[in-house]
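Following the hints, put chain B in place on chain A, whose structure we already have.
Each chain, written out:
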Amino acid sequence: MMRFAKRRRVNLTAWAIVVLIAAALFAAVSAGLTRAPFWTGWLLIGTVVFLSLYSQRKRVSMLPIGRAAVWLQLHAYTGAFAIVVFVAHTGFSLPDAPLEWLLWLSFVGTAGSGLAGLYWSRTLPPRLAATDEELLYERIPMFSERLRRRAEQLVIAAATQTDSVLLGDHYRTHLAELFMAPHWRWRHLGPTHYVTRQRDRLIALERYLSEDEKPFARELADLCRQKSDLDMHYTVQGLLKAWLFVHVPLTAAMLLLALLHLVAAHAFGGT
Amino acid sequence: MTERLQGFDYRSSPYHRPNQKWVCGRLADGECCLSGPDPKGRCGAGPQCAPARDGDRWRCTRGPLHGGPCDAGPQSDGSCGCITPPCRPRRSWRYRRKLVVRSTIAATLGLIILGVAGIWAGDMVQPGHLSAVHSTVADCSACHNAPGDSASGWLAAAFGQHPEFPSDTRHACLNCHDVGDAPLSPHSLATLPAVDDQQSGSLGPWPVELNRALFTTPSAPIACGSCHEEHKGVDADLRDVADSQCQVCHSQRFVSFNSGHPDFTDYPYDRRTRIVFDHASHLGKHFSDEAEQAPSSCSDCHTTAADGRTMEVRDFDQSCGACHAGDIAGDALAGPKGVAGLSVPGLDLTLVENIGQWPEFADGDLTPMTELLLSGDPAYADIRDTLADVDLLDLESASAEARAAASELAWQFKALVHAIQSDGSQALVTRLEAAMGRTLSADEQRRLTGLLPATLVDAAQTRWFPMLDTEIEARASGSAPATEALRPPSDDDAADDEGGDAVDDDEFDALFSDDGDEGFGDLFAEDSGDDGGDLFGGDIFGGGDDIGDPFADPEPEDSEPEVVTKSDEERMALGGWYLDEFHLRYRPAGHADPVLRSWTELATRQQGMEDWLDPRTPGACTQCHSLDVDASGATTAQWQGKRVAPTEHHFTEFDHSTHFSLLGDAGCETCHQIDNEAPYADSFDDRDPHNFASNFAPLNKAVCLDCHQPDQAGADCSLCHRYHVGDFEATMPRTTLAGQH
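First to last, the protein sequences are chains A and B.
Under the numbering used here, think of the first position of the first sequence as 10, with each following residue one higher.
Under the numbering used here, think of the first position of the second sequence as 188, with each following residue one higher.
These are calculated hints, taken from the structure and not from any lab test.
Treat the hints with care, as some may be off.
Once the Cα atoms are required to be at most 20 Å apart in a straight line, the calculated PhoX-like pairs of lysine-lysine come out as [what the hints assert, rightly or not]:
hint: 1; chain 1: A; residue 1: 67; chain 2: B; residue 2: 285
hint: 2; chain 1: A; residue 1: 250; chain 2: B; residue 2: 208
hint: 3; chain 1: B; residue 1: 285; chain 2: B; residue 2: 227
hint: 4; chain 1: B; residue 1: 208; chain 2: B; residue 2: 227
hint: 5; chain 1: A; residue 1: 250; chain 2: B; residue 2: 285
hint: 6; chain 1: B; residue 1: 208; chain 2: A; residue 2: 67
hint: 7; chain 1: B; residue 1: 208; chain 2: B; residue 2: 285
hint: 8; chain 1: A; residue 1: 67; chain 2: A; residue 2: 250
Label-pair ranges, simulated between beta-carbon atoms [claimed, not checked]:
hint: 9; chain 1: A; residue 1: 139; chain 2: B; residue 2: 427; range: 54 to 62 Å
hint: 10; chain 1: B; residue 1: 193; chain 2: A; residue 2: 107; range: 45 to 53 Å
hint: 11; chain 1: B; residue 1: 202; chain 2: A; residue 2: 139; range: 25 to 33 Å
hint: 12; chain 1: A; residue 1: 227; chain 2: B; residue 2: 293; range: 53 to 61 Å
hint: 13; chain 1: A; residue 1: 107; chain 2: B; residue 2: 921; range: 29 to 37 Å
Simulated coverage check for chain B against chain A, where a stretch passes if three residues somewhere in it have a Cβ under 8 Å from a Cβ of chain A [claimed, not checked]:
hint: 14; region: 283-289
hint: 15; region: 389-399
hint: 16; region: 809-821
hint: 17; region: 840-848
Heads up, the beta-carbon is just placed ideally off N, CA and C, and yes, glycines get one too.
Chain A with its partners taken away, still in its complex shape (with noise of 0.2 Å):
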């Protein structure tokens, strides 16, 4: 097995290859009387069409072409290097049209969806494996609930046995939005893991309670925490699905944008 870092180096290479010999043959066909957009046109269809196969892959996993993991190192690359033959189809610069202007914001909102996509899943999963369990997305409402039932047969346990009812207003005050459902949290897309302000206050609450409180409150306190964790997941794994809402649908219609400008470019490219 290839180690990941030697095959992204050589995938990179590969792909820098690719891009040197792509440039160098658009500037050839720049540098002649030949229409080179017709040239970049046709790759960039191509080369989006062979990107849109990815997603065909998957529905047809029984056929032997290729790992799906293999699919993606292609895709990934293959989508870069069609980001390079867009800026030289393009010409540098901006449409001035309403079908250009569609069909540039389609591959733009793909390309960029992608590029956040790629950044995302190198970026993220990481910090998903770095909480103490792995969940799986459909369950976390689940065990969301299943906290929030933790948490408050906490709280009355706490009142019942200690008669004190301080550690049950607190969590009615600050703790029962935080466990009321999952919560998307873009602070937890940040550089650093979040750390509830719930449970801070709870241990800066703990100075005021009684030595038969305090178990309760520690405990409630990592219920905090296990809830700011499956937030985390519930955000992450959130945004990891949400991109491809943005990135699949921009593909196919960009595809369509792109099949009447292939044919209107052919149909008025002749003088």
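Frame of chain A, contents of chain B only:
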């Protein structure tokens, strides 16, 4: 130690069908059922088991994933006692994404259909706004071979042939733009000029070299769009062409003007000057000798053209006239100053029979103009051939056939004079048209006849052939009169002359002017007793002898009037026809005389008129105006210095006016340095304009390179070179006038 939230054993990890369309609606509450919704999204909740009958009892069969047999057990009727309450199933993430994709596709298709089906279809698919110069073009099909408003038509045009747009309309740019006879050929030329195929040792820019290695050299037709890219915005420059687009075809390889461009070998002197003017001799000698009249700077003789591109020679009066105006008038000539138009040929009257009267002292040759007029008669060709090597003044050794031809020549000349006298200028026109084989325009008629006065022809006839009418009639009746040498009238004859008609006055004025020819003296000298005195004194103005000279100062009656007599030649100093003994001469009316110019042009096209083009002939047009022979053999007189018409497009063009402010004290000599050793005059020994030696040394490329660097004044090919070469102008608008179809 916190309790783990997720277990992966089969009891605590039920499958929630995330890859299916629908998931349980209570998944978010942690209470989802195991059955889940069906593929259509209907809730599958209900009994958690199907109780089994065990004897007379019902037994719970709930599975371990549901917690095993329930405490309540089945109902008495055998139904399950644990009913999972129904939920509203929710769409899975996967299904939601699919819906978003489908919605996007539908929206995009709708947008496309809305766009291409509407009247704005063309605007929808256009790749960008047109440049400002084409901003009025509203219909796509004006330039493209596809309809702008029909998406189905686009498909046909893109991948086949649209029936309404045959292939020969693909280059619609040419409907409005004229770029020469072969617009789609390289450089708009049907045939490229021969160039030195020897390639330079250097290479061009690497993209160009790579292009040449990968692709074949572009060949016709080269579409306009190869270089001119439209739809690049209002401010786009359609003529912006990259150097590489030029270099990809050219075998002479180099990187740029400042790197590898060949030195100028003959630029800009690719042919001799049209006006024969030796700069070296004028600057080195003549201007020193005539310092007062010499120009003080180049701009005294040269000026920029209206477009500022080329330098032109100022007109004759401004440039050459100060010294050479008299040359046109013939002031310095010792002989006659006018060009002989019609001349009585000298004949050996002792051996030419039956030609009637013929001036004994006529000794001239047939002038080119006379020959051309005679050649209007088909019979003249035979005569000319017969008399080709015959001396008409000495027919002693000539054959009888030649003598007969000389006789016929005499009669043809008389017939010519008779025709001109009878029909006037129309006879000249008729003869010229017959000789030239084409009809003359009204302007040509005026120019070529020089508006020859009828009275002058009358005078010539009276002097040359006094009995012309009688002789013509006699010959026509078959009895040609015998040859009779006609001598000028004696002094007595002249004294008897009453001076009753203008013709006689002209005749005597011309014949017996102050040159004292043949000792006859001047009939109108002081002692002649003629009151008329000169042309203006006789009956030419109808006033009779007693009128006297209307322009002369009044003289006392008792004193002898002093008559100052000038020859006709002198009196016609401002130009026009005059009678000089046996010649009707034309004196040019200064420079660019239309008559001499027209006859010179005619001489370049008409055989047998080579003598007219001799630089030593009076008028001497070709002394300064060079004669060029082109590839077809046609001769052209160059009446003007170099002029570049706005319609002319050359490979290399230079805008003089934009460079003037850059010149230092050296001025024009910064670029144009005289080569005193060049055999400039020899360039005009023949009529090949490209066989020449320039007065100037070739331009030095280094002078241009002082400024023309990529980061300074630019070094693009298109800065100095044009692609479309030829003579063409913008296509005129097709305006249909009211009532015309």
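Hints, verified against the model:
no.: 1; hint: A:67 with B:285; verdict: holds, 14 Å
no.: 2; hint: A:250 with B:208; verdict: holds, 16 Å
no.: 3; hint: B:285 with B:227; verdict: holds, 15 Å
no.: 4; hint: B:208 with B:227; verdict: holds, 8 Å
no.: 5; hint: A:250 with B:285; verdict: holds, 12 Å
no.: 6; hint: B:208 with A:67; verdict: holds, 17 Å
no.: 7; hint: B:208 with B:285; verdict: holds, 9 Å
no.: 8; hint: A:67 with A:250; verdict: holds, 16 Å
no.: 9; hint: A:139 with B:427: 54 to 62 Å; verdict: holds, 57 Å
no.: 10; hint: B:193 with A:107: 45 to 53 Å; verdict: holds, 50 Å
no.: 11; hint: B:202 with A:139: 25 to 33 Å; verdict: holds, 27 Å
no.: 12; hint: A:227 with B:293: 53 to 61 Å; verdict: holds, 55 Å
no.: 13; hint: A:107 with B:921: 29 to 37 Å; verdict: holds, 33 Å
no.: 14; hint: 283-289; verdict: holds (count 4)
no.: 15; hint: 389-399; verdict: holds (count 6)
no.: 16; hint: 809-821; verdict: violated (count 0)
no.: 17; hint: 840-848; verdict: violated (count 0)
Hints 16 and 17, counting from the list given before, are not met by this structure.
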